[in-house]
Amino acid sequence: MGYFNAFIVGGFICLVGQLLMDATKLTSAHVLIIFVTSGVVLTAVGLYEPLVKIGGAGATIPLPGFGYSLAKGAFKGVDQNGLLGAFFGGVEATSGGITAAIVFGYLMAIIFNPKTKP
Amino acid sequence: MDNNQYQQKDKYQKLVEKRAPKPNYWKNGIWAFGIGGAICVIGQCIHNKIELIMNLSHLDATNATILIMILIGALLTGLGFYDLIGKKAGAGSIIPITGFANSIVAPAMEFKREGYVFGVAARMFILAGPVLVYGITSSVIVGIIYYFYNS
Chain A
1 MGYFNAFIVG GFICLVGQLL MDATKLTSAH VLIIFVTSGV VLTAVGLYEP
51 LVKIGGAGAT IPLPGFGYSL AKGAFKGVDQ NGLLGAFFGG VEATSGGITA
101 AIVFGYLMAI IFNPKTKP
Chain B
1 MDNNQYQQKD KYQKLVEKRA PKPNYWKNGI WAFGIGGAIC VIGQCIHNKI
51 ELIMNLSHLD ATNATILIMI LIGALLTGLG FYDLIGKKAG AGSIIPITGF
101 ANSIVAPAME FKREGYVFGV AARMFILAGP VLVYGITSSV IVGIIYYFYN
151 S
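Chains as they are written, first to last, in our numbering: chain A, 1 to 118; chain B, 1 to 151.
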């Protein structure tokens, strides 16, 4: 059941992104930014939390899940440290992902060379 | 440029738009849905395994899953498989966090010949940078609003 929900929720989020790319002339970079920001905003108004409850990884693996972690972290930071927490919390909650992206990304870019395009 | 040239340019623009191939919404949508969903199912598998084996809390398991998915995405990009998936899947391979890793590794590899500082390290963030800028900035704004709303 968990896997089925993850498939549906994750697939649906990607479908929305694809339709956005096809129907408008937005580049993938714009779509990524829209998705992260909407993840933050949807979490703030309380609409993304239920999606995570239902979809599990289907909602946390797509990029809005990154926005979800950022917003949740910012709220947690505010609860603990007041106004300063708004600055600490977001990156604190996503520090693992950001660091992994930098370190693994750098390592892989060093190790491998781009394939010649057919 | 005089008025006539402007008109010609306008005409040409319209012709280009008319002749540009229309995207196949159904086909692209189904591919994006399928591949995007499949990547999330893999993520769910890893999440469940981690939660079971390492006895982590739900939130820690989620973070660990994202870490592993980034590693997988970066590795597949390095090996050249991710671009093959991406050709078919479109947003299905871009939106998941593995696509975020792809957007870091692909330009970094491409510009390696420009050196390890301005080539690899700087180009890594050509797509990831904007994502972090908008994500982090909006989270701070939301946090500040939350603070004043509660006080």
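Treat the hints as calculated values from the structure; they're not laboratory data.
All values reported here derive from a predicted model rather than from experimental measurement.
Some hints could be false.
Calculated cross-link-like contacts (lysine-lysine; reagent style DSS-like; alpha-carbon spacing at most 25 Å) [unchecked claim]:
#, chain 1, residue 1, chain 2, residue 2
1, B, Lys112, B, Lys27
2, B, Lys11, A, Lys53
3, A, Lys115, B, Lys87
4, B, Lys88, B, Lys27
5, B, Lys88, A, Lys115
6, B, Lys18, B, Lys87
7, A, Lys115, B, Lys112
8, A, Lys53, B, Lys49
9, B, Lys88, A, Lys25
10, A, Lys25, B, Lys14
11, A, Lys53, B, Lys22
12, A, Lys76, B, Lys87
13, B, Lys22, B, Lys9
14, B, Lys27, B, Lys11
15, B, Lys88, B, Lys22
16, B, Lys87, A, Lys25
17, B, Lys112, B, Lys22
18, B, Lys112, B, Lys87
19, B, Lys49, A, Lys25
20, A, Lys53, A, Lys76
21, B, Lys112, A, Lys25
Status of each hint after checking the structure:
A C-alpha spacing of about 35 Å is found between B/Lys112 and B/Lys27, which places the hinted pair above 25 Å, so the restraint is violated. Distance hint between B/Lys11 and A/Lys53 is unfulfilled; the C-alpha atoms sit about 52 Å from each other, more than 25 Å. Proposed proximity of A/Lys115 and B/Lys87 is supported: the alpha carbons are some 15 Å apart, at most 25 Å. Straight-line distance between C-alpha atoms of B/Lys88 and B/Lys27 comes to about 9 Å, which keeps the hinted pair within the 25 Å bound.
A distance of roughly 18 Å separates the Cα atoms of B/Lys88 and A/Lys115; the hinted pair therefore holds under the 25 Å criterion. Restraint check for B/Lys18 and B/Lys87: the C-alpha separation of about 24 Å stays at or below 25 Å, so the hint holds. A C-alpha spacing of about 13 Å is found between A/Lys115 and B/Lys112, which places the hinted pair at or below 25 Å, so the restraint holds. Between A/Lys53 and B/Lys49 the CA atoms are separated by roughly 18 Å; this keeps the pair inside 25 Å, and the hint holds.
For the proposed pair B/Lys88 and A/Lys25, the alpha carbon gap of about 18 Å is at most 25 Å, so the pair holds. Between the alpha carbons of A/Lys25 and B/Lys14 the distance comes to roughly 15 Å, so the proposed pair stays at or under 25 Å and holds. As the CA atoms of A/Lys53 and B/Lys22 are separated by approximately 37 Å, the hinted pair breaks the 25 Å bound. With a CA separation close to 39 Å, the supplied pair A/Lys76 and B/Lys87 exceeds the 25 Å bound.
Taking the CA atoms of B/Lys22 and B/Lys9, the gap is near 22 Å; set against the 25 Å cutoff, the hint holds. With a C-alpha separation of about 31 Å, the suggested pair B/Lys27 and B/Lys11 falls outside the 25 Å cut-off, and the hint is violated. Proximity of B/Lys88 to B/Lys22 is assessed by CA-CA distance (about 16 Å); at most 25 Å being required, the pair is judged to hold. A threshold of 25 Å between alpha carbons decides the hint, and for B/Lys87 with A/Lys25 the separation of about 18 Å falls inside it, so the pair holds.
A distance of roughly 35 Å separates the Cα atoms of B/Lys112 and B/Lys22; the hinted pair therefore is violated under the 25 Å criterion. The straight-line distance between the Cα atoms of B/Lys112 and B/Lys87 is roughly 23 Å, inside the 25 Å bound, and the hint therefore holds. Distance hint between B/Lys49 and A/Lys25 is unfulfilled; the C-alpha atoms sit about 40 Å from each other, more than 25 Å. Proximity of A/Lys53 to A/Lys76 is assessed by CA-CA distance (about 18 Å); at most 25 Å being required, the pair is judged to hold.
With a C-alpha separation of about 30 Å, the suggested pair B/Lys112 and A/Lys25 falls outside the 25 Å cut-off, and the hint is violated.
In summary, the numbered hints that this structure violates are 1, 2, 11, 12, 14, 17, 19 and 21.
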